[in-house]
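**Student:** Sequence:
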Amino acid sequence: MKEVLLISGFMKRTLVLLSLWFFIWFPLEAFCSTGNTSSSSNPKVINIGALFTLNSVIGGAAKPALVAAINDVNSNPSILNGIELKLILRDTNCSGFIGTMEALQLMESDIVVAIGPQSSGIAHVISHVVNELHVPLLSFGATDPTLASLQFPYFLRTTHSDYFQMYAIADVLDYYGWREVIAIFVDDDYGRNGISVLGDALAKKRAKISYKASFSPEDPESKINDLLVEVNLMESRVFVVHVNPDTGFNIFSVAKRLNMMSGGYVWIATDWLPSYLDSREAVDPSTMNLLQGVVAFRRYTPDTNLKKRFISRWKNLKDKGSMGPGGFNSYALYAYDSVWLAAHALEVFLSEGGNLSFSNAPKLSDTDGTVLHLSSLRVFNGGQQLLQTLLRMNFSGLSGQIQFNQQRDLIHPAFDVLNIGGTGTHRIGYWSNYSHLSIFPPESLYTKPPNISSGSQHLYGVKWPGETSKVPRGWVFPNNGQQLRIAVPNRVGYKEFVSKDNSPQGVKGYCIDVFEAAINLLPYAVPRMYMLFGDGKRNPNYDEIVSQVAQNKYDAAVGDITIVTNRTKIVDFTQPYMESGLVVVAPVKEAKSSPWAFLKPFTKEMWFVTAAFFLFVGAVVWILEHRINHEFRGPPRQQLITIFWFSFSTMFFSHRENTVSTLGRLVLIIWLFVVLIINSSYTASLTSILTVQQLTSGIQGIDSLISSSEPIGIQEGSFALNYLVDELNIARSRIVKLKDPEAYLRALNLGPKAGGVAAIVDELPYIELFLTSTNCLYRTVGQEFTKSGLGFAFQRDSPLAVDLSTAILQLSESGELQKFHNKWLTHTECSIQINQEEENKLSLSSFWGLFLICGIACVLALTLFCYRVFTQYRRFSPEDEEAEVEEIEPSRLSRRSILSTSFNNIMDFVDRKETEIKEILKRKNINESKQTSHNSNGQASSPT
Numbered sequence: 001m002k003e004v005l006l007i008s009g010f011m012k013r014t015l016v017l018l019s020l021w022f023f024i025w026f027p028l029e030a031f032c033s034t035g036n037t038s039s040s041s042n043p044k045v046i047n048i049g050a051l052f053t054l055n056s057v058i059g060g061a062a063k064p065a066l067v068a069a070i071n072d073v074n075s076n077p078s079i080l081n082g083i084e085l086k087l088i089l090r091d092t093n094c095s096g097f098i099g100t101m102e103a104l105q106l107m108e109s110d111i112v113v114a115i116g117p118q119s120s121g122i123a124h125v126i127s128h129v130v131n132e133l134h135v136p137l138l139s140f141g142a143t144d145p146t147l148a149s150l151q152f153p154y155f156l157r158t159t160h161s162d163y164f165q166m167y168a169i170a171d172v173l174d175y176y177g178w179r180e181v182i183a184i185f186v187d188d189d190y191g192r193n194g195i196s197v198l199g200d201a202l203a204k205k206r207a208k209i210s211y212k213a214s215f216s217p218e219d220p221e222s223k224i225n226d227l228l229v230e231v232n233l234m235e236s237r238v239f240v241v242h243v244n245p246d247t248g249f250n251i252f253s254v255a256k257r258l259n260m261m262s263g264g265y266v267w268i269a270t271d272w273l274p275s276y277l278d279s280r281e282a283v284d285p286s287t288m289n290l291l292q293g294v295v296a297f298r299r300y301t302p303d304t305n306l307k308k309r310f311i312s313r314w315k316n317l318k319d320k321g322s323m324g325p326g327g328f329n330s331y332a333l334y335a336y337d338s339v340w341l342a343a344h345a346l347e348v349f350l351s352e353g354g355n356l357s358f359s360n361a362p363k364l365s366d367t368d369g370t371v372l373h374l375s376s377l378r379v380f381n382g383g384q385q386l387l388q389t390l391l392r393m394n395f396s397g398l399s400g401q402i403q404f405n406q407q408r409d410l411i412h413p414a415f416d417v418l419n420i421g422g423t424g425t426h427r428i429g430y431w432s433n434y435s436h437l438s439i440f441p442p443e444s445l446y447t448k449p450p451n452i453s454s455g456s457q458h459l460y461g462v463k464w465p466g467e468t469s470k471v472p473r474g475w476v477f478p479n480n481g482q483q484l485r486i487a488v489p490n491r492v493g494y495k496e497f498v499s500k501d502n503s504p505q506g507v508k509g510y511c512i513d514v515f516e517a518a519i520n521l522l523p524y525a526v527p528r529m530y531m532l533f534g535d536g537k538r539n540p541n542y543d544e545i546v547s548q549v550a551q552n553k554y555d556a557a558v559g560d561i562t563i564v565t566n567r568t569k570i571v572d573f574t575q576p577y578m579e580s581g582l583v584v585v586a587p588v589k590e591a592k593s594s595p596w597a598f599l600k601p602f603t604k605e606m607w608f609v610t611a612a613f614f615l616f617v618g619a620v621v622w623i624l625e626h627r628i629n630h631e632f633r634g635p636p637r638q639q640l641i642t643i644f645w646f647s648f649s650t651m652f653f654s655h656r657e658n659t660v661s662t663l664g665r666l667v668l669i670i671w672l673f674v675v676l677i678i679n680s681s682y683t684a685s686l687t688s689i690l691t692v693q694q695l696t697s698g699i700q701g702i703d704s705l706i707s708s709s710e711p712i713g714i715q716e717g718s719f720a721l722n723y724l725v726d727e728l729n730i731a732r733s734r735i736v737k738l739k740d741p742e743a744y745l746r747a748l749n750l751g752p753k754a755g756g757v758a759a760i761v762d763e764l765p766y767i768e769l770f771l772t773s774t775n776c777l778y779r780t781v782g783q784e785f786t787k788s789g790l791g792f793a794f795q796r797d798s799p800l801a802v803d804l805s806t807a808i809l810q811l812s813e814s815g816e817l818q819k820f821h822n823k824w825l826t827h828t829e830c831s832i833q834i835n836q837e838e839e840n841k842l843s844l845s846s847f848w849g850l851f852l853i854c855g856i857a858c859v860l861a862l863t864l865f866c867y868r869v870f871t872q873y874r875r876f877s878p879e880d881e882e883a884e885v886e887e888i889e890p891s892r893l894s895r896r897s898i899l900s901t902s903f904n905n906i907m908d909f910v911d912r913k914e915t916e917i918k919e920i921l922k923r924k925n926i927n928e929s930k931q932t933s934h935n936s937n938g939q940a941s942s943p944t
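When we follow UniProt numbering, the leftmost residue of the sequence shown carries the number 1, and every step to the right adds one.
Heads up, a few of these hints could be off.
DSS-like, lysine-lysine: derived pairs with alpha carbons at most 27 Å apart [stated by the list, open to error]:
1. Lys448 - Lys204
2. Lys569 - Lys204
3. Lys604 - Lys841
4. Lys537 - Lys307
5. Lys86 - Lys315
6. Lys86 - Lys44
7. Lys508 - Lys737
8. Lys448 - Lys470
9. Lys841 - Lys495
10. Lys448 - Lys307
11. Lys495 - Lys739
12. Lys448 - Lys205
Cβ-Cβ distance ranges computed for the label pairs, FRET-style [stated by the list, open to error]:
13. Lys737 - Ala148: 55 to 61 Å
14. Asp72 - Pro43: 17 to 23 Å
15. Ala754 - Val725: 22 to 28 Å
16. Asn289 - Val45: 47 to 53 Å
17. Ser109 - Tyr446: 38 to 44 Å
18. Tyr524 - Ser707: 52 to 58 Å
19. Lys537 - Leu750: 35 to 41 Å
20. Ala754 - Tyr524: 25 to 31 Å
These aren't lab readings, by the way, just hints derived from the structure by calculation.
Don't be surprised by glycine CBs; every beta carbon is placed ideally from N, CA and C.
Could you put the whole structure together from the sequences, leaning on the hints where they help?
**Tutor:** Structure follows, in structure tokens:
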């Protein structure tokens with residue numbers, strides 16, 4: 001509400017001043033007109049206004065282009081049916097106040113379209129005027145992104161908004177991997193709003209503007225010098241310069257004097273710089289020498305024949321009407337297209353019955369009915385219709401396709417990406433809203449599917465400041481006398497990792513040696529200062545150390561800091577220099593020998609399946625051998641004993657029965673191979689159980705620890721506390737904090753019943769040192785149940801974290817990390833884990849392949865045996881059986897008795913020796929042959 005009152009007061013004062021100005025400059029007759037509305041159904045002349053700074057880089061290019069466009073429209077009989085366009089020019093003279101006065105004076109001329117201004121600040125003010133008077137404002141130079149808001153419905157931009165240019169810059173910064181930039185900009189609507197969009201674009205890529213350096217266009221070089229000296233003391237070496245083309249060149253001349261155009265610096269300029277250079281027919285070498293290595297953006301316009309013909313006419317156009325220093329630049333094309341846009345829209349407007357009429361503005365009257373001196377300003381009645389017509393236009397202009405999208409922006413925004421080097425500029429690629437960075441012209445990509453993945457982004461090589469082709473790192477340590485503030489935990493126990501020292505460095509340990517070695521591998525110096533965190537009486541809270549790094553109280557934290565999820569959310573970690581994970585340590589005792597130890601090598605399932613296969617294979621061999629091997633024949637009781645004896649005697653390869661059949665021998669060979677493997681494995685496992693010391697513990701791992709209610713020890717300051725409580729839901733009352741290995745030992749010796757702990761949960765590197773210090777009296781139980789690592793913590797988006805990660809990898813590959821480990825963390829190799837009985841047992845999963853092979857062999861052998869028996873049975877039919885069947889009366893022969901008789905016959909057939917069956921079949925074949933011969937002779941001797 002306060003802002004509304006301030007704006008209202010400002011508008012009232014402005015109206016009073018404008019009233020006084022009009023009263024002085026305009027004759028009284030102008031205010032005594034009795035008509036409220038004027039119209040012209042078939043005008044011969046239509047007024048079009050233009051408003052910009054004539055004596056400027058943009059204005060110098062825009063004026064001849066506007067004049068040329070007006071002449072081309074008026075000389076073209078195919079448009080507007082002979083109606084003449086009249087251009088009325090007003091000079092804003094780079095002043096917001098003068099620009100406002102000129103705009104009001106321009107509106108008095110009953111213009112239907114206004115072209116301009118080039119200044120975003122003036123455009124904000126004039127947009128309020130055209131809103132009230134319903135006059136469309138076509139701006140070819142006001143690129144402030146906020147002008148596209150719904151607040152300014154009659155503002156229509158005929159060039160591309162800086163919104164797209166800032167996203168193009170963000171893509172280039174992301175392409176080269178820079179995460180922090182310093183923005184240098186002019187402190188007005190154009191500069192502030194453009195840089196605001198750049199900040200939003202960088203935030204989407206996890207980058208940021210680390211500092212915003214603004215200045216006024218009227219500031220002398222001394223102020224610019226102070227500004228650049230200030231930013232040169234900062235960390236970032238990437239500068240984005242977003243200023244006006246008429247005043248921005250001083251930035252680079254001052255930077256050159258400060259040696260800020262040398263190697264390691266990155267300068268990115270918006271389209272103001274190419275506009276400045278393009279407007280000069282010949283840029284002197286001293287000017288180009290100041291800009292070597294700068295990357296700049298220029299609004300892209302396709303190389304069409306229309307554009308080429310216009311450029312060929314440019315010299316004559318400039319000589320006819322140009323004021324000031326301006327030569328040709330891209331704004332000339334947008335200004336030219338603005339006139340043609342208005343002409344095409346007016347033609348459609350008139351053909352659709354639009355009326356070029358004006359009426360008094362009711363809002364320019366006092367509440368008591370008296371008319372203000374601004375009543376000479378009249379509302380264009382057809383403004384809304386003409387505005388909608390402008391938005392529907394679609395034609396090819398000098399700058400490309402003139403067509404507006406739903407957001408009232410020109411379609412296909414695109415920019416040239418330029419590199420200034422040598423005596424001119426070189427295009428290193430393009431940026432378009434369709435495909436982002438590419439080395440191909442944007443129009444060639446519009447017919448293809450859009451692809452903005454990181455792998456599809458390409459630019460040609462760049463010659464950076466300092467005449468180098470190597471991409472600058474983009475940052476240095478601030479040259480402001482401040483050292484890197486490094487927090488180091490002041491540990492009480494496990495001082496091998498890090499501890500206080502009396503040396504000038506102040507700290508020592510494994511972590512410090514790794515960090516110093518990594519720092520020494522960097523190609524730049526890192527001034528640093530180690531600062532102990534903690535009172536030295538108890539281990540500090542590591543979460544608190546990380547939190548203070550995130551809060552900028554420290555720049556980094558070096559020590560045995562575990563990389564866990566909640567910490568990575570607020571800081572950046574380097575590559576882990578040591579693996580880690582939580583394990584459980586518990587007291588153990590030697591397991592007593594058991595009289596049933598011979599059963600331990602196999603699991604229950606393994607014993608059951610093995611026994612079943614012994615019986616199964618014995619039965620299969622008996623079936624295969626029973627008909628042809630007398631050793632497998634005899635009374636049923638004897639045959640059953642034979643099956644059991646043969647089955648289990650194969651365990652010791654002591655079976656006395658010989659196998660005769662081929663199928664039986666095949667099954668037996670495969671089974672003996674399986675038995676050999678099982679026997680060997682059983683013997684090895686049993687030997688290990690009986691000869692190796694067996695240790696047991698009441699705690700079997702983290703799961704049994706969770707299910708119990710006994711106290712658990714952890715290291716003070718460790719993340720294990722939060723993990724056990726929050727993730728595993730262990731009661732906080734069960735947790736006992738221990739500060740050093742001596743406390744570990746006392747707690748484990750006392751045990752849970754005497755005020756100690758049942759087990760200790762800590763990270764593996766500490767446990768290895770603890771087990772060594774206790775001569776391996778304790779063991780870890782269960783498996784390592786988390787996986788993590790130790791790393792160095794830095795503030796978010798710190799480039800030093802990335803460089804140190806690379807250095808740590810180099811240390812790992814060269815073997816230096818292992819040397820540091822051997823120096824500080826040497827430990828006696830204990831059998832880390834106790835022998836878990838269930839884990840040492842041989843299970844079915846290790847042998848199911850052998851059982852599968854043996855089972856398949858048995859099934860195949862039985863299948864072949866049954867097929868052969870069935871084939872023989874079909875040929876076999878005893879004579880007594882046939883006679884017996886004939887004597888039975890058909891009525892007394894039931895189906896059940898037939899099936900029973902058939903089954904008994906089959907079983908009797910199978911039980912017979914195969915030699916008997918073959919003898920019977922042989923006699924049957926002989927009888928059948930004799931019978932066939934007798935029948936043949938009988939038929940031959942019968943009378944005919």
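**Student:** CB of Asp72 to CB of Pro43, is that within 17 to 23 Å?
**Tutor:** With Cβ atoms ~20 Å apart, the hint holds.
**Student:** Please work out if Lys537 and Lys307 have their alpha carbons no farther apart than 27 Å.
**Tutor:** violated (78 Å)
**Student:** Is the straight-line distance between the alpha-carbon of Lys495 and that of Lys739 27 Å or less?
**Tutor:** holds (11 Å)
**Student:** Given the hinted pair Lys841 and Lys495, is their alpha-carbon gap at most 27 Å?
**Tutor:** Not OK: Lys841 and Lys495 at ~41 Å, beyond 27 Å, violated.
**Student:** Would you mind confirming whether the straight-line C-alpha gap from Lys448 to Lys205 stays at or under 27 Å?
**Tutor:** Given pair Lys448, Lys205 holds - Cα atoms ~25 Å apart, limit 27 Å.
**Student:** Given the proposed pairing of Lys448 with Lys204, does the C-alpha separation stay at or below 27 Å?
**Tutor:** Holds: Lys448 and Lys204 sit about 26 Å apart, inside 27 Å.
**Student:** If you draw a straight line from the CA of Lys569 to the CA of Lys204, is it 27 Å or shorter?
**Tutor:** Measuring from Cα to Cα gives roughly 17 Å; hence the hint holds.
**Student:** Quickly compare the C-alpha distance for Lys448 and Lys470 to 27 Å and report which way the hint goes.
**Tutor:** Violated, because 33 Å separates the two Cα atoms, which is more than 27 Å.
**Student:** Go ahead and decide if the range 47 to 53 Å is satisfied by the Cβ distance of Asn289 to Val45.
**Tutor:** holds (51 Å)
**Student:** Is it true that Ser109 and Tyr446 lie within 38 to 44 Å of each other by Cβ?
**Tutor:** holds (41 Å)
**Student:** Measure nothing beyond the straight line between the CA atoms of Lys508 and Lys737; if it is 27 Å or shorter, mark the hint as holding.
**Tutor:** The hint holds at about 25 Å.
**Student:** Does the structure keep Lys604 and Lys841 at a Cα separation of 27 Å or less?
**Tutor:** Judged against 27 Å, a Cα distance of about 10 Å means the pair holds.
Checked against the numbered hints given earlier, this structure breaks hints 4, 8, 9, 19 and 20; the rest are met.
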